[in-house]
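Produce the complete structure using the sequences and hints provided.
Line by line, the protein sequences give chains A, B, C and D. Just so you know, we're using this note's numbering here: the first sequence kicks off at 390 and counts up by one. Just so you know, we're using this note's numbering here: the second sequence kicks off at 390 and counts up by one. Just so you know, we're using this note's numbering here: the third sequence kicks off at 390 and counts up by one. Just so you know, we're using this note's numbering here: the fourth sequence kicks off at 390 and counts up by one.
None of these hints come from the bench; they were simulated from the model. Take these hints with a grain of salt, some might be off.
To be verified - The calculated label-pair distances, taken between Cβ atoms and stated as ranges, are:
1) B:Asp532 / A:Ala399: 50 to 56 Å
2) B:Gly427 / D:Ala399: 43 to 49 Å
3) A:Ser439 / D:Asp531: 35 to 41 Å
We put the CB at the ideal spot given by N, CA and C, even for glycine.
4 protein chains.
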Amino acid sequence: MNEAVAGVRANVARLHGELVRYGLIVWTAGNVSERVPGADLFVIKPSGVSYDELTADSMILCDLDGNVVPGSEGSGRSPSSDTAAHAYVYRQLPEVGGVVHTHSTYATAWAARGEPIPCTITAMADEFGGEIPVGPFAIIGDDSIGRGIVATLSGHRSRAVLMRGHGVFTIGKDARDAVKAAVMAEDVARTTHIARQGGPAAPLPGGAVDALFARYQNVYGQRTEEGVAR
Amino acid sequence: MNEAVAGVRANVARLHGELVRYGLIVWTAGNVSERVPGADLFVIKPSGVSYDELTADSMILCDLDGNVVPGSEGSGRSPSSDTAAHAYVYRQLPEVGGVVHTHSTYATAWAARGEPIPCTITAMADEFGGEIPVGPFAIIGDDSIGRGIVATLSGHRSRAVLMRGHGVFTIGKDARDAVKAAVMAEDVARTTHIARQGGPAAPLPGGAVDALFARYQNVYGQRTEEGVAR
Amino acid sequence: MNEAVAGVRANVARLHGELVRYGLIVWTAGNVSERVPGADLFVIKPSGVSYDELTADSMILCDLDGNVVPGSEGSGRSPSSDTAAHAYVYRQLPEVGGVVHTHSTYATAWAARGEPIPCTITAMADEFGGEIPVGPFAIIGDDSIGRGIVATLSGHRSRAVLMRGHGVFTIGKDARDAVKAAVMAEDVARTTHIARQGGPAAPLPGGAVDALFARYQNVYGQRTEEGVAR
Amino acid sequence: MNEAVAGVRANVARLHGELVRYGLIVWTAGNVSERVPGADLFVIKPSGVSYDELTADSMILCDLDGNVVPGSEGSGRSPSSDTAAHAYVYRQLPEVGGVVHTHSTYATAWAARGEPIPCTITAMADEFGGEIPVGPFAIIGDDSIGRGIVATLSGHRSRAVLMRGHGVFTIGKDARDAVKAAVMAEDVARTTHIARQGGPAAPLPGGAVDALFARYQNVYGQRTEEGVAR
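What follows is the structure, encoded as structure tokens:
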């Protein structure tokens, strides 16, 4: 178990670097968490720490109620202020192994308007199987955000949800998969925004969306290593 | 005292790198200053020096009237041409420990129109407690800019002010806090601009803004190390 | 022959770095291929592999029907899911030595609307000899994409085609030339989009376009080293 | 003389790196030249060479008619295809010591519409003393581009000109000063574009523009080292 926790700590610390690389976060906004395989535990970023200073040891181990496991405080800091939302998702959705939250620019712009991102390009059909939906406006600090995420993504193919007036949450089979969803959500949010600035862009035909999603989820890449949550 | 000054010099030199990293400045535009704790002094960037060449030693020590302290000219260059504005802020607002000025793209675009940035996303409520206000158009060279900053930020929760037709000034409890405000001001200026390009984005409810601001200022991160000015 | 294949493998692996450098791709989306000189073979990227992990050895050698040459599987992974489209182009257009596919933001935005990019700037006349045309919407998995590329680019000076609702494909005399076309296609897609946001931009006069294209293709640079396909 | 030429070669090679750093150029588009002090000579980039491969030795020495000085071909390549335009500027404007040409995105977008950039922010008044004007559409290959640059900038404070349907040329007292003008031209082109997307932005009052320009040209920075051409 200690070895599994150590591996997850290293993974979560490293994956924050992908959020920086793809320009999804500024300063200390945004966080990645990952479930510890075979345990009711997950690892998350400490609150308010610069991305340059994130190390495996500074990551924080929590139980599925979002409480810090005694002796596992990492840097001695508090866990991310979004910990309750991550914990709620892990409690409700056992197939989810990773959760990511960012305020990435274009996804957050759609969230500020409370407008779902329509599916007008094949990359979005591949990755999200249709539109990216909007969840409710929810104040941080209790289960509201977690409930909004779960309620919105249940019944959707999308691994990303735009929380109204806030930002984007993504889920995946593991943290890397959720980070990929965060990267792709911002990419399609940006492309679709820019497309529409120049005039209308018709949604893809539903049959094509279904075919693209089915192929991508089953055939693309090396599914044993990079599969998706659902 | 000499040790305190040396620490502030190093800090101010280093923090200019954050302005570069987040793309807030080009060439030599933009500057950071920080008050020397326990003294009527502050340290500021020299004028017209490339960010690659900024060292602790080249930073310039000034009194609160903006005069260079004899023997403290650093690189032998003049202090930033915005020194009078920084000095005015330190004279009038004793709780301010750091000041930053940039022409960052999106914040300056709002400033060019003289339009405050409305609070439509939670990150902005957290950081600024509401809209980012607009200060008057003021010509460089006397106290006008400083007076505009102080008059606008007095009575506002915001640590950022858009100076009309010019750019953005931010304040903080220290230079790092003011740099954070500059980074976040550009981030919310960009997101809000892009949101509105796609259609209307309703401001957050006032009660939610108050609750978010109160929580963030009191709970988020590790306040002893990263607190805000007010 | 083995030496020629090794050189093409190294070249294709390296050129993916140019797609990263110019911001044309995120995660594992996008691919470069190159024909092996003097053989009915080409080298292409494996599917779903991070750009950090691409090496010459992990590239995959295919015949012109898109089948992996036995013993040449590189990383043991499947070839890019766009392999059939690349193969079709090499079969139909013997003068093409390189093919690139990306979902670069601005080019894909034009593709999402199904709108050709008009030729309003000299850089576009130089490089593409006129507008960048739009090809049909085509589902991945058979020859449809390849047929759409070939049908659209036959009869056009452009080395780039916007595949409707999908992204951009470019061709060239070799892989470097096709990568250059991908970089320039995104650049002119972005500039033209931004130009039109501010008001109408008249297309260049046809005679000027012809003169610019003729000069650039025949005189510019060092044509023996950097020539174009047609 | 040989020493002076060597210094200019090194300077011109190095300054191309600033165009890359500030994102003003892609692939091999864009060039810097500098006059050799005290001689009727200038140094310019070779045509079609990657920015990674530019060295002092590969730069090319030309006379003021744009002819390569025998024995000074650098890399053995031709000089930039814009050499005639640079040469014309040096012949006609003896106070100019450096010339830069780019297709930077936002400046070129204004050029594509043939619209001057209005002066709505103080940074632009400082640097350009008013609007950035538009020059004629001119085909490459003879003196037309050079004539358009000189005719447009004579009678203007601006060191930058938008050549219609093409891109931007800047001049300066030396190459570094012209590079600074190219960096600032793109910066103000971008900010002004984005400002106007959100609604009207009033030009600054003429008196303020004059005062800002006079102060900046005479007081800012360390004028002996960073002065401007005129």
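Results of checking the hints against the structure:
no.	hint	verdict
1	B:Asp532 / A:Ala399: 50 to 56 Å	holds (54 Å)
2	B:Gly427 / D:Ala399: 43 to 49 Å	holds (47 Å)
3	A:Ser439 / D:Asp531: 35 to 41 Å	violated (56 Å)
When the structure is compared with the earlier hints, a violation turns up for hint 3 alone.
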